[in-house]
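Peer 1: One-letter residues, chain by chain:
Number of protein chains: 2
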Amino acid sequence: MSIIVLGTMAYDAIETPFGKTNRIVGGSATYVAYAASNFVKPIKQLSIVGNDFSGEEMKDLESRGVELEGVEIVKDKKSFFWSGKYHMDMNSRDTLVTDLNVLLDFNPVVPASYQGSEFLMLGNVSPNLQLSVIEQLTTRPRLIVLDTMNYWMESALSDLEKVLKRVDVLMVNDSEARQLSGQFSLVKAAKEILKMGPKYLIIKKGEHGALLFHGDQVFSAPALPLEEVFDPTGAGDTFAGGFIGHLAHTRDLSFDNMKTAIIVGSALASFCVEKFGPTRLKEIRRGDIDARIRQFVDLVSFEIKLV
Amino acid sequence: MSIIVLGTMAYDAIETPFGKTNRIVGGSATYVAYAASNFVKPIKQLSIVGNDFSGEEMKDLESRGVELEGVEIVKDKKSFFWSGKYHMDMNSRDTLVTDLNVLLDFNPVVPASYQGSEFLMLGNVSPNLQLSVIEQLTTRPRLIVLDTMNYWMESALSDLEKVLKRVDVLMVNDSEARQLSGQFSLVKAAKEILKMGPKYLIIKKGEHGALLFHGDQVFSAPALPLEEVFDPTGAGDTFAGGFIGHLAHTRDLSFDNMKTAIIVGSALASFCVEKFGPTRLKEIRRGDIDARIRQFVDLVSFEIKLV
Chain L
1 MSIIVLGTMA YDAIETPFGK TNRIVGGSAT YVAYAASNFV KPIKQLSIVG
51 NDFSGEEMKD LESRGVELEG VEIVKDKKSF FWSGKYHMDM NSRDTLVTDL
101 NVLLDFNPVV PASYQGSEFL MLGNVSPNLQ LSVIEQLTTR PRLIVLDTMN
151 YWMESALSDL EKVLKRVDVL MVNDSEARQL SGQFSLVKAA KEILKMGPKY
201 LIIKKGEHGA LLFHGDQVFS APALPLEEVF DPTGAGDTFA GGFIGHLAHT
251 RDLSFDNMKT AIIVGSALAS FCVEKFGPTR LKEIRRGDID ARIRQFVDLV
301 SFEIKLV
Chain S
1001 MSIIVLGTMA YDAIETPFGK TNRIVGGSAT YVAYAASNFV KPIKQLSIVG
1051 NDFSGEEMKD LESRGVELEG VEIVKDKKSF FWSGKYHMDM NSRDTLVTDL
1101 NVLLDFNPVV PASYQGSEFL MLGNVSPNLQ LSVIEQLTTR PRLIVLDTMN
1151 YWMESALSDL EKVLKRVDVL MVNDSEARQL SGQFSLVKAA KEILKMGPKY
1201 LIIKKGEHGA LLFHGDQVFS APALPLEEVF DPTGAGDTFA GGFIGHLAHT
1251 RDLSFDNMKT AIIVGSALAS FCVEKFGPTR LKEIRRGDID ARIRQFVDLV
1301 SFEIKLV
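For the record, the sequence lines run as chains L and S. Just so you know, our numbering puts 233 at position 233 of the first sequence, and the rest follows in order with no gaps. In short: position in the second sequence from 1, add 1000, done, that's our numbering.
Honestly, the hints are just simulated from the structure, not real lab data. Warning: the hint list may mix true and false statements.
Unchecked claim - Just some of the chain L residues that point at chain S, by a computed CB distance under 8 Å: (1) Val218; (2) Leu226; (3) Ile263.
As the list claims (entries may be wrong) - Listed next, the stretches of chain S that the computed footprint assigns to chain L, with coverage defined by at least 3 CB atoms under 8 Å from CB atoms of chain L: (4) 1052-1061; (5) 1144-1150; (6) 1176-1188; (7) 1224-1233.
Each residue gets a CB set at the ideal place from its N, CA and C atoms; glycine is no exception.
Assemble the whole structure, with the sequences as input and the hints as a guide.
Peer 2: If you want it as structure tokens, here you go:
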């Protein structure tokens, strides 16, 4: 079973209350790939990098079953670079630098070898690129998961609305759900958004976990209470990678299995924030992930013995 | 099995984005009593009211098994009055009026008939009053639950620290846990607070649910995603009443049963916010509560079938 992943492969420089790092590898597609490759291979990457993107990093990804045929390398430009500084609460951050570089030329072309994938993860890039990838696929994937952000709601809403009609699952955070729907109540927001196209909506609430909405059903997943969130960069993409990775591995698209996939995604994200960038994701093995998932089970399990 | 409840019985005038109400009955002890009396009788109230407190309200409470011998009625003063206005997000509010009135004279005297209660709920009043009640009891209750707030952390910290040494369970919200511990991470905050005396710490996170800490164990309870929070006044006290009510009813103080008690408290609180003040709490019956608890079970249950 394979997954096509559209997204950025980039460099980040990150400052948090706990420390500071120079250029380290980042980008939505990178995090998705590191997370999803724990469950399924190959991951078919659709991205763009510059002449500065590390060959070692490419090899590391390939060794994990990530195919890079769909990653365009632009010889005379640099990779997308982002730099940011997190505030004490880790929920808000200031962007210090955004150098789009190669991203200005990004026009993903789906290689012939990628056709026939049953799973498509549309990472957070411009809606017209997301739409272009959907339209290039000769067979519609069984499951299309969409990530997006407030920026596209403000600058490309009508394109985003077109994409929404074509996907199965939308992932956004709570403030984005409110913005997209114009509703403050997340329950009302979910009802509005589910009318826009997706059959499933995941609202990510950071340290407060996530909500899954489908029809009249709702599932509340906790986040693991952590002593320290060292660096939240990439946590949302890692969540997405664990989510779609589990679904692709099990090939079960029931609501019940979507719930499990959210727990798997949450477990992966809880590793991601422990060190800078994808460092921790590169260290963990399947046994670590299973142990973390058992912590989630313990965290929420209760028995009702009403007398 | 009986519960002694220390707290205010008061009048509130409330404005929310959904409406406005004139003087309606409120106060921490009122909400605790309405919630806990669903599970156990009698509730032995320790409070103070003025000459304006409704006799009908008193009768309503008595009909639910609430004993009022410990409620002092001050003939020449008015009851405590609070007026506030909630913002759109319902997590923040402005206090418009605080008329302490009889509260200035509050010096609770535990009636002889209250002695021997196995459960004590110390509602959010001055720590020296909470301490006074503990010291008046001839036999230490099996379980003492403490509610407090940031105001006392700022104005009466050393008294509060004395009370903390004498209680089993502390309930605070997330910002209060951070303030009391000086730690931003809630996990670290919990470790610090558990050193101050309580064996159990409940951190209430409003629409994001609650966390229970005990030794190295942690439990994450969701809040029910609601279409509308009509009026959050009293939700925390209602949660406390449901929590201690369930524990007093089952007489089981294990960690597992504390988890169930938090779900029961959350279910009661989810009713409280549906209408102004305690209106909804007066309407519900045991069947409504059990159905709501089943919604919580559905909300968080997931199966891990890792392949």
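Peer 1: Hints numbered earlier in the text: which of these fail when held up against the supplied structure?
Peer 2: 4, 5
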